[in-house]
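Protein sequences appear in the order of chains A and B.
Each residue of the first sequence is one higher than the one before, starting from 2 at the first, in our numbering.
Each residue of the second sequence is one higher than the one before, starting from 24 at the first, in our numbering.
Hints in this document: simulated from the structure, not taken from any laboratory.
Owing to the predicted nature of the structure, the values given are computational and were not obtained by experimental measurement.
Positions of the beta carbon are idealized from the N, C-alpha and C atoms, including for glycine.
One or more of the hints may lead you astray.
[Unchecked claim] Residues from chain A that face chain B, not an exhaustive set, calculated with beta carbons under 7 Å: (1) Leu65; (2) Leu85; (3) Asn88; (4) Tyr93; (5) Arg115; (6) Gly118; (7) Ser120.
[Claimed, not checked] Calculated cross-link-like contacts (lysine to aspartate or glutamate; reagent style EDC-like; alpha-carbon spacing at most 20 Å): (8) B:Lys267 to B:Glu303; (9) B:Lys32 to A:Glu122; (10) B:Lys106 to B:Glu483; (11) B:Lys344 to B:Glu226; (12) A:Lys29 to B:Glu483; (13) B:Lys447 to B:Glu179; (14) A:Lys255 to A:Glu271; (15) A:Lys150 to B:Asp412; (16) B:Lys32 to A:Glu108; (17) B:Lys344 to B:Glu309; (18) B:Lys344 to B:Glu187; (19) B:Lys32 to A:Glu123; (20) B:Lys106 to A:Asp24; (21) B:Lys106 to A:Glu97; (22) B:Lys32 to B:Glu109; (23) A:Lys150 to A:Glu133; (24) B:Lys32 to A:Asp111; (25) B:Lys344 to B:Asp287; (26) B:Lys267 to B:Glu179; (27) B:Lys106 to A:Glu96.
[What the hints assert, rightly or not] Rough simulated footprint, nothing fancy, chain B against chain A, three-plus residues with beta-carbon under 8 Å: (28) 66 to 75; (29) 98 to 109.
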Amino acid sequence: MVGQATSHDLAIQTVGLTKVFRDFWGRKRVVAVEGLDLAIRRHEVYGLLGPNGSGKSTTIKMLLGLLFPSRGAAQVLGRAPGDLTVNARIGYLPEETNLYPFLTARETLDFYGRLFGLSAEERRRRSDSLLEMVGLAAAGRRLVGEFSKGMQRRIGLAQALINDPELLILDEPTSGLDPLGTRQIKDLILALGRRGKTVLLCSHLLADVEDVCDRIGILYGGRMQREGPVRELLARSEMTQIRCGRLGEEAVAKVRELLRREQAGDRAVEVETPTDRLEDYFLRVVAAAQAEAVATSGALAGAGVSDFLTSGREAQEEVVIEELVRGGAAERALHLAETRPAGEPAAPVAERTDDAVLQSLLREGHRAAGRRELTTPVEADQERRAGTGASGQPDRSLIERLLGSPPPESEPGGKTGGATGAGSQGGSSSPAERRGPDDPARGA
Amino acid sequence: MGRIWAVAKSVLIEFVRLRSLLAFVLLVLGSCTAGLAVWLHLGAGRGDEKIQTFLSYSLGFSMAILSLLTIFLSVGTVTRDIKRREIFLVAVKPVSRGEFLAGKFAGVALLDLLLLGAVGAAVYGGARVMQRTEPVTEDERSRVRELVLIARRSVEPVLVGVSEQDLQEEVRREAERLIEEETGRLENPTGQELAVMRRTITETVYNQMALQRRAVLPGRHVTWHFTGIRPSAAAGGRVYVRYKQNASPPVGDLAVMGLWHYGDDPAVPFTKPPLVRVEEAGAVHEFAVPVGELSPAGELYVAYQNAAENYPITMVFPLPKEGEVSIEALYVAGGFEANLLRGLGAIYLRLAFLALLGTTMGAWLSLPVAVLLVLVVFGLGISSQFIDDALKWQGVQATTAFNRTIMALVPRLAAYDPAPALEKGRYVAFGMLARAFGVMVVLQGGLAGLAGYAIFRFRELARVTV
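Using the sequences and the hints given, assemble the complete structure.
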């Protein structure tokens, strides 16, 4: 897919990018990055994974012009790294926040806003919005140097968004954040991706990357080891996962028996009671405390996504699409497609979002029919983390069919999905869909 | 411009938020002005002299403190950004590295402006308060008014009937003769020995011959010609002749009598009754000349007649030295306020040079190395005259080499120091300010700044982290 993309479609491209650190006498000390070929498409959320010292941060610094390549070349948004016109379209959150400790949170955003040439009124508006978004509205007059690490990450993220960037480069964005903040950041990245931003996420926290990225690349020893869509890399197509409501021992035994028969009895079948994730449990506790207005000097829950973080038609489409998803107005979707200028290809984000619309509508159909989906274990887990997977009432009809009981009377619309090997078809596994609706309350 | 201002403003905020440093600076500057004024008030001495001491020390101390503060602040604000990696978040914004450095420089320069404004206000206030409290007699009050808290310009004269060209020619001939004689006496002299000998003989001969022309035998006279005297009518149009004479042979504390004639024509002075003055030899004296004695073009002839006809004392006007003249005309060219402002301007240009040097050196050197380098430049600048004198005896080549290399890059800060002029009520000339700006800030500071920027422009801001 990436090979087919033209350089115009690429937000970041590197060819044979190499960085060799030398000592004072010019002797080679460390090869931090070696022959890296990277192609990140516009509007994509790309995760760069790797253990400590694998070359992630060095790569990012070369992309930003903070380091110069020893060999090879890089292009960011079609220009050389460090180009001022490119810098105007980039947001960057470094591994350590590195903000001026003597500025207040509000002054910090105002300072970076000035560097982008924003007007005073625009700086004020965006600062208000971003402080609200990252949950620091009440700490706007406090010095950044007095902030906890998590609060510094939040204000760091806010400064990265002050220019409404096309490309967002985040180096360990959730480092130092509490689970609430981590969840908010991940939700934010998802929302930004949905709004057409290109995001390069660099992390060694695998769960973060897995939850939000379309594609990932795994670096080790300065070389790219594996690269591809998250779903493809993680899919275990040899297995099928069935989730349902609590079953009695007898029903479980029947299921086991059925599955043994279906699989010729030579493969293990695991049946267990699922547990909630600690992250979800923690978030519920904090949300309850916030609902009771317990006083805190730290960051509060953020408020969705700043309204200025958008760009042109893509965002307009997104709003309409979200309305469609909520309201099911197919005619308006048709109208939107018709109003696209002739000859102009649909933007990738629109394509992806259209796919999301279809999947969402399909899922709505499933919900309406009281049906559950069959997914591969990975996809099911991703859905659960993204909060978009089916939950609540179990798909009784499927269980009963598996157990040999008659199906319910009516099946309005949509199919149930294959029982085996259907992970890639039956699951709503596109990244856009996994991101779910842009619900400001989700973070809390 | 908005980006430069953003960076500059952050420097200002940084300093203001460093409360301990701010308090320290204000405390030191306060003690240099208010504290000094109180200390002088409690001491003994003439009122005008106390005010002169106050001006000299308060300006000198403040200048030293602000210079050191500027050096540390300008280097520190850049090196700290790089060391703490705060520059990462600025360098990836649409801000060129030149704009970043310009912003840092502008921030330090603005801060200097604010602090210098505070110093100026304190010095001015202190001087005016002391003007009311310190003088006891009317003479002291008059001296403060006429000689200290004023701006007088100086005009140096030429001797009538003495051609400098002829003098130089005569010196050359006599010096060549002596050099030839001396060379014949030396055995295998080195080039440096010859150079030192040539320089010594030439200077000695010149001094002797020039002094001969400035010596006034009993009953004889010399006439001085001043041009370009343009007293400010707004300031009262006063003109003074200030001079110093030595007696030969020395007469100790004895007073000698002299007759002074003045007018706008070389022949006119002797047509009017002279001004008779009996005063101590070897000291500086001055007398007022009515403005009406000047020609419309600002010319003035002043003749001195040695009245010691009955005893063999020769009066000699000494040769001018660095920062000191033996006879000059002083005229009021403006008030103290404007003069102080020009003086503060000269100090500010010095601080701007140091800020420029500090920010650009800090952009590619570590904090201690950059501070040391700027301190060395600062030290060389303020001691350039001393170094010149020391090198003079090492021969022409050493002096020339020093002047053409190091001192071409280092400003002669003493030449741009306004404190001596302000202390003596001398006019701080715009010409000096223009030279300070053009040579010190634009040429020397600009050259160092360009070199620093060129290195900074192509350096990697990040470091090895694998």
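Verification of the supplied hints:
1. Hint status for A:Leu65: holds, given a least beta-carbon distance of 5 Å to chain B, under 7 Å.
2. With a least beta-carbon distance of about 4 Å to chain B, the hint placing A:Leu85 at the interface is held under the 7 Å criterion.
3. A least Cβ separation of about 5 Å between A:Asn88 and chain B falls short of the 7 Å threshold, and the interface hint therefore holds.
4. Interface restraint check for A:Tyr93: the shortest CB-CB distance to chain B comes to about 5 Å, inside 7 Å, so the restraint holds.
5. A distance limit of 7 Å between C-beta atoms decides the matter here; for A:Arg115 the minimum to chain B is near 4 Å, and the interface restraint holds.
6. The interface hint given for A:Gly118 is met, as the beta carbon of that residue sits about 6 Å from the closest beta carbon of chain B, less than 7 Å.
7. At its closest, the beta carbon of A:Ser120 sits 9 Å from a beta carbon of chain B; the interface hint therefore is violated under the 7 Å criterion.
8. For the hint pairing B:Lys267 with B:Glu303, the CA-to-CA distance comes to about 10 Å; that is within 20 Å, so the pair holds.
9. For the hint pairing B:Lys32 with A:Glu122, the CA-to-CA distance comes to about 18 Å; that is within 20 Å, so the pair holds.
10. Annotation: proposed proximity of B:Lys106 to B:Glu483 holds, straight-line Cα distance about 13 Å (limit 20 Å).
11. Restraint check for B:Lys344 and B:Glu226: satisfied, since their Cα atoms lie roughly 13 Å apart, inside the 20 Å limit.
12. Our distance criterion of 20 Å between C-alpha atoms is met by A:Lys29 and B:Glu483, whose separation comes to about 17 Å.
13. For a cut-off of 20 Å, the pair hint linking B:Lys447 to B:Glu179 stands: about 17 Å separates their Cα positions.
14. With a C-alpha separation of about 13 Å, the suggested pair A:Lys255 and A:Glu271 falls inside the 20 Å cut-off, and the hint holds.
15. With a CA separation close to 59 Å, the supplied pair A:Lys150 and B:Asp412 exceeds the 20 Å bound.
16. For the given pair, B:Lys32 sits about 10 Å from A:Glu108 by alpha-carbon distance, which is consistent with the 20 Å threshold.
17. Restraint check for B:Lys344 and B:Glu309: satisfied, since their Cα atoms lie roughly 18 Å apart, inside the 20 Å limit.
18. Among the hinted pairs, B:Lys344 with B:Glu187 is consistent with the structure: their alpha-carbon atoms are about 17 Å apart, no more than 20 Å.
19. Between B:Lys32 and A:Glu123 the alpha-carbon distance is near 19 Å, which keeps this suggested pair within the 20 Å criterion.
20. At most 20 Å may separate the alpha-carbon atoms for a hinted pair to count; B:Lys106 and A:Asp24 meet this at roughly 19 Å.
21. Between B:Lys106 and A:Glu97, the direct Cα distance comes to roughly 13 Å. Compliance with the 20 Å bound is thereby established for this hinted pair.
22. The straight-line distance between the Cα atoms of B:Lys32 and B:Glu109 is roughly 15 Å, inside the 20 Å bound, and the hint therefore holds.
23. A distance of roughly 18 Å separates the Cα atoms of A:Lys150 and A:Glu133; the hinted pair therefore holds under the 20 Å criterion.
24. Annotation: proposed proximity of B:Lys32 to A:Asp111 holds, straight-line Cα distance about 11 Å (limit 20 Å).
25. Proximity of B:Lys344 to B:Asp287 is assessed by CA-CA distance (about 28 Å); at most 20 Å being required, the pair is judged violated.
26. The suggested pairing of B:Lys267 with B:Glu179 holds, with an alpha-carbon distance near 13 Å, which does not exceed 20 Å.
27. For the hint linking B:Lys106 to A:Glu96, the alpha-carbon distance of about 15 Å falls within 20 Å, and the restraint holds.
28. Counting residues of the stretch 66 to 75 of chain A whose beta carbon lies closer than 8 Å to any beta carbon of chain B gives 4, which reaches the threshold of three, so the coverage claim holds.
29. Given a C-beta distance limit of less than 8 Å, the hint that chain B covers the stretch 98 to 109 of chain A holds, as 6 residues qualify and 3 suffice.
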